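Undergrad: Put together the whole structure using the sequences plus the hints.
For the protein sequence lines, the chains are A and B, in the order given. Quick note: the first sequence, position 56, residue 56 per the working numbering, numbers continuous. Quick note: the second sequence, position 72, residue 1072 per the working numbering, numbers continuous.
If you are wondering where the hints come from, they were derived from the structure by calculation, not from laboratory data. Some clues are possibly wrong.
Stated by the list, open to error - Here are a few chain A residues that face chain B, going by a calculated C-beta distance under 8 Å:
{"no.": "1", "residue": "A59"}
{"no.": "2", "residue": "A61"}
{"no.": "3", "residue": "L63"}
{"no.": "4", "residue": "V64"}
{"no.": "5", "residue": "A66"}
{"no.": "6", "residue": "P70"}
{"no.": "7", "residue": "G71"}
{"no.": "8", "residue": "L154"}
{"no.": "9", "residue": "V157"}
{"no.": "10", "residue": "E164"}
{"no.": "11", "residue": "V175"}
Said to hold, decoys possible - So the derived label-pair ranges between C-beta atoms look like this:
{"no.": "12", "chain 1": "A", "residue 1": "A226", "chain 2": "B", "residue 2": "D1194", "range": "16 to 24 Å"}
{"no.": "13", "chain 1": "A", "residue 1": "H311", "chain 2": "B", "residue 2": "W1010", "range": "27 to 35 Å"}
{"no.": "14", "chain 1": "A", "residue 1": "D219", "chain 2": "B", "residue 2": "D1267", "range": "56 to 64 Å"}
{"no.": "15", "chain 1": "A", "residue 1": "R230", "chain 2": "B", "residue 2": "A1124", "range": "33 to 41 Å"}
{"no.": "16", "chain 1": "A", "residue 1": "A226", "chain 2": "B", "residue 2": "P1257", "range": "48 to 56 Å"}
{"no.": "17", "chain 1": "B", "residue 1": "R1235", "chain 2": "A", "residue 2": "R138", "range": "41 to 49 Å"}
Everything numeric in this text was worked out from a predicted model, so none of it was measured. Ideal Cβ placement from N, Cα and C applies to all residues, glycine included.
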Amino acid sequence: MSVDIDFLRPAMLALMPLAVLPLIARATEAGGYPDVGWLPADPLGRGIGLALRAMAALAIAALVIALAAPGRPRTVELRTGRGAEVLLLIDRSRSMDERMLPNDWRRLGPFEIRHQTRSRGRVKSQAARELLGEFVARRPDDRFAVSFFSASTLHVVPFTDHDEVVQAGIAAGGVHRGLSETDVGRALVSSLARFEKRAYTGSRIILLVSDGGARLDRDTQMAIRAGFERQRVTLYWIYLKGFGRPDLEQAGEASAAIPEVALHRFFQTLPTPYRAYQAESPEDLAAAVADVGREQNHPLDFEERIPRSDHSRRFVAAALLLVASLLVARRWELRGTS
Amino acid sequence: MIARRAAADWRLTAAGALLVAALLMPPLPWPRSNYDFLAVFDISQSMGVTDYRQQGRPVARLDYARRALAAALTELPCGSRLGLAAFTGYRSLMLLAPVEVCEHYGDLLATLAQIDERMRWAEASEITKGLYWALRAARDIGGEPELLFFTDGHESPPLDGPPPALFGDLRKGQIHGLVIGTGGNLPRPIPKRDSAGRDRGFWLPDEVAQGRGPDRRNEHLSARREPHLQALAFRTGLDYLRLEDFHGLSAAMQAAPRVRRREVPTDLSWVPLALALALLCAAPLGALIGNRGVRGSHRPHP
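TA: As structure tokens, this is what we get:
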């Protein structure tokens, strides 16, 4: 650890010569002292006078330093914490603007569900953004990146530990409706590349949040598989299952033609860990996000930013102490001489 | 004598009280000048034309615009905020909600570096609509930031007839800011890039949508379309700026009407500290001056 000191207002140090004032103003009022020259030689009195002048000088010096605002500059320290590097890969297609089931959907009749979902279900993307925002806020040790995808992949926030920026990236996803197409295969390939050339520091996660699947061609499949293997990334898919949309666990050969099921089955063949969460309502979504939060708590080397620490208060306190001592000494001296 | 001692005591006591106040006082809300911006970058193909030069090297319009903004950011007072968006196809897409520029300068540069052709989600370049969408974004992101819309004005497909009317939910002058005309005066060929960013030569006359009139057959070439952009700026109530150098952008961004006064928690403890310092210095300083003359004659010297 360094012992660097910097000043926020270094120019104030130019006032330092003021500190010699009490020392050179020997006459009547150095620190408020009467000239004692007319008294018989009094070495003790002189000594005390000098000490008091020195205290006044020190008080002024301390104040000048405090005004210059000394402190330890902002530093970065390498720490090991528990956390992960999480890339949030969020679908920004138009279907994400549709609504989820209301939380009380289990109490609704089969005919009410569709109507109630349309009228008061939460919008998928909005529910997802809110929960991801909370997720980020609750995990200060993780480092996050935010990417959106539609026809292209928008890597909006590269990995950072500045939560405010991550939140700003998530929030931006909520401005206006989504884009028309989605290409989840391309998004995964380019997201995996985001881990390239980064030191492997612990655990890496892609948290895919989308409401649709895709049947990927062989080349894309190979590229994705190779990427997961090389970058050692765990995949979580939070599948925002719309009302009447296919279930990922649908059995049977025929269901392989359903894009969502096909994508799920492909993910299951990945060499790295994979988990899918089907979320139909905001409640499910919250449970899935909490689940991911519980699972990933591996040691992670991270750089912690230590904010600048200001030392000016110490100098103010020192100056206060000196001033108080001067006051006390003057009372005592007054009694002594009168 | 006694009066002088009393005055000195009073000064010391007051200085002590001021120091106590300096130690105890919390940061107080204090109005400061800063700025709010939403920068929107045209990422359509014509922004790849390299008609800027820096240190003798050709620089693409988009790169120059991003560098100019990065340079201007360093000159904004802390507490200012910047959000980022991109435009292609027919709309602007919000990428990053506004964040503070000093604390997050590194992150803003990192996001800025991502805004290029790899993001392009559509190939058209309907700038008028893109600007309207950008106005919507500035209106809806909160805080109504000033808009900075970087574009060369090259509409593709070309506008035949009047440009689309301002969206019904927008009012002229509701959002302030700048349309920033990017690019050179001379029409130049547009580099063709694939989605991976690889060069594929230049667009040929028969590969792009051409206008209907015989004088509108040069859509494969691109220059800064200033009259169009000036008309757009007028129609939306924005100001127009031609992007010629970094300083020009920075100066236009900090023009007086764009200043926001915002109360920021500010450490004002320097005020009591400075007063205490003045009180402590008053006595010896007075004595010094007194010794020299004026007050010297009145000194009650026995």
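Undergrad: Each hint needs a verdict: does it hold in this structure or not?
TA: Hints, verified against the model:
no., hint, result
1, A59, "6 Å, holds"
2, A61, "10 Å, violated"
3, L63, "5 Å, holds"
4, V64, "7 Å, holds"
5, A66, "6 Å, holds"
6, P70, "13 Å, violated"
7, G71, "12 Å, violated"
8, L154, "5 Å, holds"
9, V157, "6 Å, holds"
10, E164, "6 Å, holds"
11, V175, "4 Å, holds"
12, A226(A) / D1194(B): 16 to 24 Å, "22 Å, holds"
13, H311(A) / W1010(B): 27 to 35 Å, "30 Å, holds"
14, D219(A) / D1267(B): 56 to 64 Å, "59 Å, holds"
15, R230(A) / A1124(B): 33 to 41 Å, "36 Å, holds"
16, A226(A) / P1257(B): 48 to 56 Å, "55 Å, holds"
17, R1235(B) / R138(A): 41 to 49 Å, "46 Å, holds"
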